[in-house]
Amino acid sequence: MTIDGLNASRVLQPASVEELAQLLKEEKGSVSPVGAQTQLHFGNPLRSLDCAIDVTRLNRITEYVPGDLTIHAQAGVTLGELERALEANNQFLPLDPWNGPGATIGGIAATNAQGSLRPTGTIRDWIIGMHVVEVNGNASKTGGRVVKNVTGYDLAKLYTGSIGTLAIITEISLKVRSGYGRTATAVTRLPDFASAANLVSLIRTGPLQPVSCEWIGPENEVWLRFGEHPRAVDWQLKNLPGADWKILEGTEEAEGWASVRSGYQKLGPIVVKVIGLPATIADIVAESRSRAWIAHVMNGIVLSGVSSIEDVRRLRRTHRVIIERASLEDRRQVSTFGLEPAEHELMLRMKRTFDPEGRLNPGRHVDGE
Amino acid sequence: MQTEIIQQLTQIAGSASSVVCDETELLVYECDALTLFRNKPDVVVFAANTRQVAEIVKLANTHRIPYVPRGSGTGLSGGAMAIQGGIVIELQRMNRILSVDVENRIAVVQPGVVNLHISQAVAPYGLYYAPDPSSQSACSIGGNVAENAGGPHCLKYGMTANHILAVEAVLPSGEIVRLGNPAGETIGMDLLGSIVGSEGTFAIVTEITIRLLPRPQAVKTLIAAFHSVDDCSQTVSDVIAAGIVPAALEFVDDKTIRAVEASVYRAGYPLGAVAVALIEVDGFREGLEETADQIVEICRRNNAYEVRVAKDDDERAKLWMGRKGAFGAMGRISPDMLVMDAVIPRTKLPQVLAQIDRISQRYGLPVANVFHAGDGNLHPLILFDSRRADQVDRIFEMGEEILKVCVGVGGSLSGEHGIGCEKKEYMGMVFSDADMETMLRVRAVFNPGGLLNPDKIFPSRRSCTEIGKQTTTSTEEIGKRVDAVLRGAH
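Sequences listed follow chains Z and D, in order. Residue numbering for the first sequence follows the numbering used here, beginning at 29 and increasing consecutively. Residue numbering for the second sequence follows the numbering used here, beginning at 28 and increasing consecutively.
Hints in this document: simulated from the structure, not taken from any laboratory. Hints may contain errors.
What the hints assert, rightly or not - Restricting the straight-line Cα-Cα distance to at most 25 Å, the calculated cross-link-like pairs of lysine to any residue (SDA-like) are:
{"#": "1", "chain 1": "Z", "residue 1": "Lys53", "chain 2": "D", "residue 2": "Ser459"}
{"#": "2", "chain 1": "Z", "residue 1": "Lys301", "chain 2": "D", "residue 2": "Leu192"}
{"#": "3", "chain 1": "D", "residue 1": "Lys85", "chain 2": "Z", "residue 2": "Ala314"}
{"#": "4", "chain 1": "Z", "residue 1": "Lys301", "chain 2": "Z", "residue 2": "Ala314"}
To be verified - One-sided and incomplete, this derived list gives chain Z residues near chain D with beta-carbon spacing under 8 Å:
{"#": "5", "residue": "Arg146"}
{"#": "6", "residue": "Thr148"}
{"#": "7", "residue": "Thr179"}
{"#": "8", "residue": "Gly180"}
{"#": "9", "residue": "Asp182"}
{"#": "10", "residue": "Asn248"}
{"#": "11", "residue": "Glu256"}
{"#": "12", "residue": "Ala260"}
{"#": "13", "residue": "Leu367"}
Unchecked claim - Where chain D lies over chain Z, by a calculated footprint (3+ residues, C-beta under 8 Å):
{"#": "14", "region": "301 to 307"}
{"#": "15", "region": "369 to 381"}
A quick note: this is a predicted structure, and the numbers were derived from the prediction, not measured. For each residue, glycine too, the CB sits at the ideal point set by N, CA and C.
Excised from the complex, chain Z in its bound form (with noise of 0.2 Å):
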């Protein structure tokens, strides 16, 4: 296995959260744990390699109950088993992480993956529980298996997006939501980037609550997906601002969000997130300079596909910038996500705590910026 260019000299697949907490007591190198490795190029370079931990045998879902909207899985669980499981109850995770269903949920939430679903946030609001095991082998946990739970510290909040620095997520316990009433969702195509840019402020400040909401460039296009009552879905379908509206549904519907995930991968040839406020969008988009770009329109945040790293630092003048994916070679040139110095002292403080020889991940987060 490879990872930034690095081989590792020894690939573990430990079978039991026991057995994994067995070998990091014995491991004395480097180790870095891996899923589905769909992320391996997200983060700062990797810095050195000797044990790469395959957590993809940790693969059961250990409960699902659908009356209480909790399933709990290990980390090596892919989303869409997750999703096939909560399927046969008309329930589901409202995410789709660019990276798609075959990512590990364990993945997912190191990397803190997204996507355009986002009605309620992100994969952060729908962890309720986390058990991890540490570099030295302790195993520990935080949170529970209630949907609603203030007892100890958050820690699942640390975890997810530190990409496995802290240590290694071997299960996670998430609340799901039921089904929506039905799912529709319109596209649309703008003549110029103006129109565009109008359109999507009438949507933003109008009565529509679409679960997605993606400004695509340079086509111009918007996709709107709503989930609610049919008949809330259908009244938000008549009440489209004026423009020429398709509607996708069932497969279709399916199809063309898949189309929308294959864009984000064709998106570079560096790929950042700006993130700034629903307003500010149509700016974000002329500054960065993009060749291409999705913008999560109610959330302020721009997808783009920037030409060089002097584009990156250019725009972290002005906004919070992370790299969602570049060469290694462009990496190493330019951090992953720019932190404040007040952060980087308190994130390398917990990154020491966690990790004292850094040794899990080493040069990945906050000891690679």
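Following the hints, put chain D in place on chain Z, whose structure we already have.
What follows is chain D alone, placed relative to chain Z:
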């Protein structure tokens, strides 16, 4: 407390009126709304701005004095109680809404702003702040952040943590930091998310950027009365199983109904009912009527003998008044009570309620149940008489037994009130030593000296419950607080 320190605090706060050190006046600050646990701070200082908070923290560090942040003091787990004495940093005067950005649906507020005041201030723009703890007309947003406050509507809209986008905070080092961003997008590990709900032990939040939501087009509120707890519980399960996502789904039992109906919070709950479900759905006008009809049908199928849909806003407000005033109304049926907070998987409701009933009978102390059924967040109220020492001795033991039942079915110790001082000795029921050791290491990253809000959340040798046994709260006292809260709402 040394005069020198009082003088320095006065200097920082700018006037003697911002510093309280009179023994009698300090009594106000000896507890929060969990009045069972009391300890007086040595001094209370009202901070006017972030810089002052930072200076007070630095002063406390220099002299190794413990300090505790405090807002409105409505917390129910003793989170704002100065267990080791020291300095209480009172944030109530930092109560300005600094900005409202209507277009981007965000507001920036100071920690002392009262939760409900935010929704009132942004109502003209068709917006509101979703988390609505029952104390929302008195509790401060800073306290909400500390405790990750809930409320009936977090069933659909999520807890405080889901609505906090960014904060400015004073770290225990005295350093002022900004975490998060107005888009609420996490950048790397989520420090902000870990501070929310840390019960004021990681940092003191001095400015908060919150998400505002557009008001739903329409709301439907109804109550259904049942002759059996099981029928009411089954209704809760069936509503969820039908794929409906209610805005709120509350359970009110017969004792609570009697108390509420005999009080000023009279809501018209059917007096003969063994249990009442209060259900609310909101969203687009289109389809809402059908959803409400579907719920009515589910209630009837589960033998509801009376179902009433609120006809207008007044009737709706009245139904909620009964629910939100329930704790305060308990004085009508009992001189004292212990408010509990625990969570169970919602499918275990009938089983756990039956077990609580058996425990109640065994101890000879009644329990009233009024709670957030939709998310399994129980609030058993143990009713007792503090003049009877034998009863006081039993309530904690009984409470512990109830918690064990909840944890035993896969539940947790607290859904929204926090662990604070009240439940720290029970943490071992849900967390192993290794779990707690990890949490304490994370606390040490933020709060290495441990002076910020010490002795909270985690078990200690000197038990909090021992302090608690010395004094109890009267329902009259709680009633007065609730009265004040509800009066504030109108």
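* Asked: Hint by hint, which ones does this structure get wrong, listed from lowest number up?
  -> 3, 5, 10
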